[in-house]
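Using the sequences and the hints given, assemble the complete structure.
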Amino acid sequence: MNAIASGEFWVFVGVIAGIYTLLGLGIQLEFGFAGLLNFGHVAFMAIGAYTMAILTVKAGLSMWLSAGLGVLAAAAAGIVLGLPTLRLRADYFAIVTIAFGEIVRYVATNEDGLTGGSQGTINLAGPGQASEYNGSWERFQTWLQHALHVGSSDVAMLLVVWAAALALTALLAASARTPWSRVLKSIREDEDVAASLGKNVFAYKLQALALGSAAAGLAGCFFAWQFSFFSPGDFAPLLTFFAWMIVILGGLGRPWSVPVGALMLGVIYAGTRFFDFPPFSYFDSAERAYLRLIVIGVVIIGLVLFRPQGVLGRREELVLE
Amino acid sequence: MRSAPILAVDALSRRFGAVRAVDGASFEVEPGSITSLIGPNGAGKSTLFNVVSGLLSPDSGRVVFEGQRIDGRPPHRIARLGLVRTFQNARALTRLSVLDNLALAAPQQPGERLSTLLVAPGAARRHESETRARARELLELVRLDSHADALAATLSGGQRKLLDFARALMARPRLLLMDEPLAGVNPTLRLQLLDHIDAVRAEGGVTVVLVEHDLDAVMRVSDRVVVMSGGRVIAAGAPAEVRADAAVVDAYLGTDG
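These protein sequence lines are chains A and B, in that order. Heads up: the first sequence begins at 1 in the numbering used here, then just goes up one per residue. Heads up: the second sequence begins at 1001 in the numbering used here, then just goes up one per residue.
The set of hints was computed from the structure by calculation and includes no laboratory data. In this text, a Cβ means the ideal position worked out from N, Cα and C, and glycines have one as well.
Some chain B residues well away from chain A (every beta-carbon gap over 10 Å; in silico):
#, residue
1, Val1019
2, Gly1042
3, Ser1046
4, Arg1069
5, Gly1184
6, Leu1191
7, Arg1220
8, Asp1245
Label pairs and their computed distance ranges (CB to CB):
#, chain 1, residue 1, chain 2, residue 2, range
9, B, Leu1114, A, Trp64, 18 to 28 Å
10, B, Leu1114, A, Asp112, 33 to 43 Å
11, B, Arg1015, A, Ile301, 45 to 55 Å
12, A, Pro84, B, Pro1121, 27 to 37 Å
13, B, Ser1146, A, Pro308, 26 to 36 Å
Here it is, written out as structure tokens:
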């Protein structure tokens, strides 16, 4: 196929991988550092995206301000979710987060007046009125394209997403060497010990959840800018598990493993589109789409068998006793 | 020796369903002493430790530490007052380095606050290098310095006990609760650990409360022995007095007939 050789296509894959990196960084902080089982991560991405779009279209705020508020809203949602639930045992917390993810998606689907409902943000301004939230973004992309003399505005997008993703990864990597993350990791290992040494376990968990959610909120803004319209269906639980796969593929507790894992996931996911030779050609393209998930599953099983620490992880950290 | 007690446990009770694990236990601990808590399995010693250190809340009764009531307070607040505990099974933080296990325990670290890291990263870094230096000193004391950069998962059971002890010291305790510090530790290490405990009391002015099954060791190091059975304190006094107490003999030997 010529698509596999098309630069445009791989630019798209790169943008998605950058957005997934931002999403994965949240899980790396929450689980890789603090040991929190958050299975509703995608909800914070949705909150970031919707807050940005709604404030731009309905409140007439500048898109940039709306994006900042979107990230803050995601962080605030993390705090609201965490306050009553972070004292729960790890597995109960996990269950609550799954429910939270679904609740956010259902609210977005059913609150037509606020979110545009199941048709998505195309409906934001109300029936019959086209709405757009990313005019400023497209102007910015075009400006950047010319400023940097890159071939297309998509390449400009790629650069912006990855600049953000790598900056945030670097920030997480810098924080990994601080006493602050040492406390998070001690909570991951044994929260009774952390508490008995004077650490306020609940406050640290809340910080991890708020910051991880803010990263997801930022991912949501980029997601919204990449696609001119989005709908609640874009924030299915599968996306949460993509973030988890990225962290597992790359390596737990290692900040730089997140962009690596995100690129792996992006390439595997997109690359499987080109399985148009036997035996894959015996399936039609819709059936082949499902093969991607199977391939990702097989890769993860292989990794767990042969390199359980992930691509960049430390094997000795798997000794749990 | 009639100064105000550093720790006073008064009519403390804690139930699990129908089981009264601690059932009206009372005792006091003199500042600067080594007090041992002994008693048969199921006497409520570990539960009592968990209540005093805040990991469990009491059903009734009071715990007073240095004149302040602490019962029902969260464990991190109790630890910050200077009441620090170790664990029966040592509970090393296995995927942190040995050094980080200790450094974690230092109180009031500016680098543990995100706001400080953003506003005054230099101060946080200076404090951190002091913390690490002190952690290395304590590792030398318990002879784990050669393992400083290894993951705590690589330590043996006995070494983990030493790690837990050094980690508790790192928290600068005024009262140290040690839950079976000698269990699973080989005889050579036992003597070492007992020497350390004695030194910490003598030089650091740290008051120590031990839960321990090794009665020889208990009788040798303790100033005072508190005997529990069935969730209550059945005897307390100097080691020699307790050894002669009929109720104690009964609690240890009588039930088997």
